[in-house]
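Chemist: For reference, the chains in residue letters:
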Amino acid sequence: MFKRFTSGAREVVKRAQAEARDLGHGWIGTEHLLLGLLGEGEGIAARALRAAGITARVVRDEIERLVEPLISGPDADALRAIGIDVEHVRARIEESFGPGALERARLGGCRRGPSRAFIPFSCRSKKVLELSLREALRLRHNYIGTEHILLALLREGQGLAAQILVRSGVRADDLRRAVLAALGKVA
Amino acid sequence: MSEATELAHAASSTDPETGLRAVAALRRLLESLEALQVQNARDHHWSWQDIATALGVSKQAVHKKHAGPRRRIGRAK
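Protein chains in written order, with the numbering used here: chain A, 263 to 449; chain B, 3 to 79.
A couple of the hints might just be wrong.
[As the list claims (entries may be wrong)] FRET-style restraints, in silico, Cβ to Cβ:
#1 B:60 / A:354: 25 to 35 Å
#2 B:66 / A:331: 24 to 34 Å
#3 A:402 / B:62: 44 to 54 Å
#4 B:49 / A:347: 29 to 39 Å
#5 A:331 / B:22: 15 to 25 Å
#6 B:49 / A:435: 41 to 51 Å
#7 A:304 / B:47: 26 to 36 Å
[Said to hold, decoys possible] Quick partial rundown of chain A residues pointing at chain B, CB under 10 Å, derived from the structure:
#8 320
#9 323
#10 324
#11 336
#12 340
#13 342
#14 344
#15 363
#16 367
[Claimed, not checked] Computed from the model, here is a short list of chain B residues facing chain A with C-beta under 8 Å:
#17 30
#18 32
#19 60
No wet-lab data here; the hints were simulated from the structure. Using N, Cα and C, we set each Cβ at its ideal position, and we do this for glycine too.
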């Protein structure tokens, strides 16, 4: 799948994985791809996002607001009151099934077969990566760059990344036009 | 146990807010654990019937609850 990805696009995916891990999430969602695009820093996507006023800080804050933890702090306290140490449960589960396993199970994931070594993509982010190929083909590019991933994020339109962009006052059409303008294409 | 913790403990164990929150959280934890363990059993090639028996529910129930998304993904590929 990543065969035609530029080094920048590969960097985005690598960073998305690291972001998911750092946030303790058991999946790589569109929100992590968005952080990956921003973190990559130099690509057309990063520049377009920056110009639209989107920063990693803004995205992280929104993720925190929008992604509810499976068990919140008060939940853990309530469970402790009836003798259940949820952190102990989590530690034992993650020992066997890897970090974020409980959250991943809740989400349903997008995987077939065991895949404990790495954090799997969510269905939506998988879809975005597939769409990035289509965006490249549409533009008659024979590579997939960060700009195609961003265009795909905007086209998919349903994921957390798209929601975060909307909540931050970015209009998908405007951002799409900005990316195409940077590519020297008429929107 | 200090007096303060003892008091806090006594209060929390009869406080409906705490008790109900614990039940709700436990239910979410349970749902998550069930999804994880069913997935793991499938990865180990357990049949839906065997999983249903282990969970003490009908094969239809477990299949309906856990087989859906996987099949959708399968078709999309």
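Chemist: Now tell me if each hint is right for this structure.
Modeler: Verification of the supplied hints:
no., hint, in the structure
1, B:60 / A:354: 25 to 35 Å, "holds (29 Å)"
2, B:66 / A:331: 24 to 34 Å, "holds (28 Å)"
3, A:402 / B:62: 44 to 54 Å, "holds (50 Å)"
4, B:49 / A:347: 29 to 39 Å, "holds (34 Å)"
5, A:331 / B:22: 15 to 25 Å, "holds (18 Å)"
6, B:49 / A:435: 41 to 51 Å, "holds (50 Å)"
7, A:304 / B:47: 26 to 36 Å, "violated (46 Å)"
8, 320, "violated (29 Å)"
9, 323, "violated (24 Å)"
10, 324, "violated (23 Å)"
11, 336, "holds (7 Å)"
12, 340, "holds (4 Å)"
13, 342, "holds (9 Å)"
14, 344, "holds (5 Å)"
15, 363, "holds (6 Å)"
16, 367, "holds (4 Å)"
17, 30, "holds (6 Å)"
18, 32, "violated (11 Å)"
19, 60, "violated (21 Å)"
The structure is inconsistent with the numbered hints 7, 8, 9, 10, 18 and 19, although it conforms to all the rest.
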